[in-house]
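Heads up: the protein sequence lines correspond to chains A and B, in order. Heads up: the first sequence begins at 1 in my numbering, then just goes up one per residue. Heads up: the second sequence begins at 250 in my numbering, then just goes up one per residue.
Honestly, the hints are just simulated from the structure, not real lab data. Watch out, some of these pointers could steer you wrong.
Rough simulated footprint, nothing fancy, chain B against chain A, three-plus residues with beta-carbon under 8 Å [claimed, not checked]:
id: 1; segment: 38 to 49
id: 2; segment: 203 to 215
Taking lysine-lysine and the PhoX-like style, the derived pairs with C-alpha atoms no more than 25 Å apart in a straight line are [said to hold, decoys possible]:
id: 3; chain 1: B; residue 1: K477; chain 2: A; residue 2: K21
id: 4; chain 1: A; residue 1: K160; chain 2: A; residue 2: K209
id: 5; chain 1: B; residue 1: K419; chain 2: B; residue 2: K467
id: 6; chain 1: A; residue 1: K61; chain 2: B; residue 2: K301
id: 7; chain 1: B; residue 1: K477; chain 2: B; residue 2: K467
id: 8; chain 1: B; residue 1: K257; chain 2: B; residue 2: K403
id: 9; chain 1: B; residue 1: K358; chain 2: B; residue 2: K390
id: 10; chain 1: B; residue 1: K442; chain 2: B; residue 2: K411
id: 11; chain 1: A; residue 1: K26; chain 2: B; residue 2: K452
id: 12; chain 1: B; residue 1: K403; chain 2: B; residue 2: K301
id: 13; chain 1: B; residue 1: K419; chain 2: B; residue 2: K403
id: 14; chain 1: A; residue 1: K218; chain 2: A; residue 2: K5
id: 15; chain 1: A; residue 1: K160; chain 2: A; residue 2: K218
id: 16; chain 1: A; residue 1: K225; chain 2: B; residue 2: K255
id: 17; chain 1: A; residue 1: K21; chain 2: B; residue 2: K411
id: 18; chain 1: B; residue 1: K257; chain 2: B; residue 2: K411
id: 19; chain 1: B; residue 1: K467; chain 2: A; residue 2: K21
id: 20; chain 1: B; residue 1: K452; chain 2: A; residue 2: K27
id: 21; chain 1: B; residue 1: K403; chain 2: B; residue 2: K452
id: 22; chain 1: B; residue 1: K419; chain 2: B; residue 2: K344
id: 23; chain 1: A; residue 1: K225; chain 2: A; residue 2: K5
id: 24; chain 1: B; residue 1: K477; chain 2: B; residue 2: K255
id: 25; chain 1: B; residue 1: K257; chain 2: B; residue 2: K467
id: 26; chain 1: A; residue 1: K182; chain 2: A; residue 2: K218
id: 27; chain 1: A; residue 1: K26; chain 2: B; residue 2: K403
id: 28; chain 1: A; residue 1: K21; chain 2: B; residue 2: K403
id: 29; chain 1: B; residue 1: K301; chain 2: B; residue 2: K410
id: 30; chain 1: B; residue 1: K467; chain 2: B; residue 2: K452
id: 31; chain 1: B; residue 1: K403; chain 2: A; residue 2: K27
Have a look at the derived ranges for each label pair, beta carbon to beta carbon [to be verified]:
id: 32; chain 1: B; residue 1: K257; chain 2: A; residue 2: S214; range: 38 to 48 Å
id: 33; chain 1: A; residue 1: N38; chain 2: B; residue 2: V265; range: 26 to 36 Å
id: 34; chain 1: B; residue 1: D269; chain 2: A; residue 2: E177; range: 41 to 51 Å
We put the beta carbon where it would ideally sit given N, CA and C, even for glycine.
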Amino acid sequence: MDYNKRIDGRDFDELRPIEAKAGVIKKADGSAYFRMGNTVAYAAVYGPREMFPKFQQDPKKAVLRCNYNMMPFSGAGERVRPGPSRRSKEISAVTSNALVSVVDLYDSPNAVVDVYIELPMTDAGSRCCGINAAAIALADAGIPMRDLVSAVAVGFAGNKVIVDLNYEEEHLPDYVEGLDEKDVADIPVAIIPSTGEITLLQMDGIVDKATVISALNKARTAAMKVNEVQKNALREKFATQVNGDNGFE
Amino acid sequence: MGLLVKDKQVVVPGDVLADDLGFIPGFGTYRNNNNLVCSRLGLVNVEGKVLKIIPLSGKYLPRRNDIVIARVFDILMAGWRVDINSPYSAVLSSKETAEYIERNDDLSKHFDLDEYLVCKVTNVTSQNLIDVSTRDQGLRKLRGGRIIRVNTHKVPRIIGKKGSMVSMIKQASNCRIIVGQNGLVWIDGEPDKENIAVNAIRKIEVESHMSGLTDRMKTYLEETTGVKISLSEGGDYNGLQ
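Could you put together the complete structure from these sequences and hints?
So this is what it looks like as structure tokens:
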């Protein structure tokens, strides 16, 4: 069974509308807002600051600690039980791993850089959205980093590679008649744009090697578009500062 | 192609600044094959062949001989632990104070918890253990006045060349002002006048990366206070007075 037209009418390699803003939380050292379609992420960065508990300190470099959290009424379905869950802990860990290879934390030994990612509204692709927001927030906090990280989900549905899946596409067999579980896959990818290195790669579904390769190529082009939006968000923050409007009375 | 950015342009991590080997990487930049890439959010500074980034955000990391404003938050066996608005706290030893302290003296009589001090960074180790001292001239406990927090990267703009900017604000507001390198500013004067100084400092913080700052601040201060300000670069500025 083929998937010939996407449910929301996008092209197969078209992203959902993206929007980004840097410096949205005044008390944080760095912060960002990132939206992909109906998925919204806020990221706040605090630090480098003193690491507690003390036994987790690293005398060689600062530690990057990410916390991913879906708000109770962020999903379309049932209320998400607040607090850490098995899923959110895993996503926090893969987010840290996706970001840690770009940041330079050797200037602040024994310290910690805390990244809090909050999702007030989700519609698939929340870990990618969170990583995108966190990368902007880290740069905004003045953390030295060799590049930003841009993330996007690619997938596979009935012989077609699709970019930036939404909720329906993650659960296609429920929405499109004739599509089976084995015809669909979802692959979140995070990429360092300047080198093309992949810092996050997960997969849900069954696909063959050739499909994965063509999906990753699509992810690269899509990530470059995401990266452009991220960079503009940071530049815009300081353009508005020049005009004298940065939240001060 | 060569240089891809203009002097004083806002750049973000990952931006390629130059794409040949004719340029030398300075602070906040690194080389990736033939490209010179930015690694800090900030403004590019082009100085001949050297490209460096002037950061716009980030925490204060202390350097030796910085004058900082510190808050006492713990009393130790032979000194005080002070918060210097940095990821790391500093230690003020009881031997590093201006007055002599007896061996078994109650240290809180000298500097108590939550009191603010002006002090100088005397030593910073590779693990960022920090020593401060109040032994030099002008270093002391701060009484009265108010303390505001500013972005540490704007402190050089607030001080100005040889203290020209801060002396202008002092003239206009008639306040005593100490600008700590760590982004804490102590202002002491009449309440209305203190507000003038605070607003002026906030204005510098916002507008510091546009050119002609000194002239703009001069007109601003003259307009708000009605005091005629004479620009002076009075001798050696040591961060105090």
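Hint by hint, here is what the structure shows:
no.	hint	result
1	38 to 49	holds (count 3)
2	203 to 215	violated (count 0)
3	K477/B - K21/A	42 Å, violated
4	K160/A - K209/A	14 Å, holds
5	K419/B - K467/B	12 Å, holds
6	K61/A - K301/B	23 Å, holds
7	K477/B - K467/B	9 Å, holds
8	K257/B - K403/B	15 Å, holds
9	K358/B - K390/B	12 Å, holds
10	K442/B - K411/B	23 Å, holds
11	K26/A - K452/B	17 Å, holds
12	K403/B - K301/B	17 Å, holds
13	K419/B - K403/B	18 Å, holds
14	K218/A - K5/A	18 Å, holds
15	K160/A - K218/A	12 Å, holds
16	K225/A - K255/B	24 Å, holds
17	K21/A - K411/B	37 Å, violated
18	K257/B - K411/B	22 Å, holds
19	K467/B - K21/A	34 Å, violated
20	K452/B - K27/A	19 Å, holds
21	K403/B - K452/B	11 Å, holds
22	K419/B - K344/B	33 Å, violated
23	K225/A - K5/A	22 Å, holds
24	K477/B - K255/B	37 Å, violated
25	K257/B - K467/B	23 Å, holds
26	K182/A - K218/A	21 Å, holds
27	K26/A - K403/B	17 Å, holds
28	K21/A - K403/B	23 Å, holds
29	K301/B - K410/B	20 Å, holds
30	K467/B - K452/B	12 Å, holds
31	K403/B - K27/A	18 Å, holds
32	K257/B - S214/A: 38 to 48 Å	43 Å, holds
33	N38/A - V265/B: 26 to 36 Å	34 Å, holds
34	D269/B - E177/A: 41 to 51 Å	57 Å, violated
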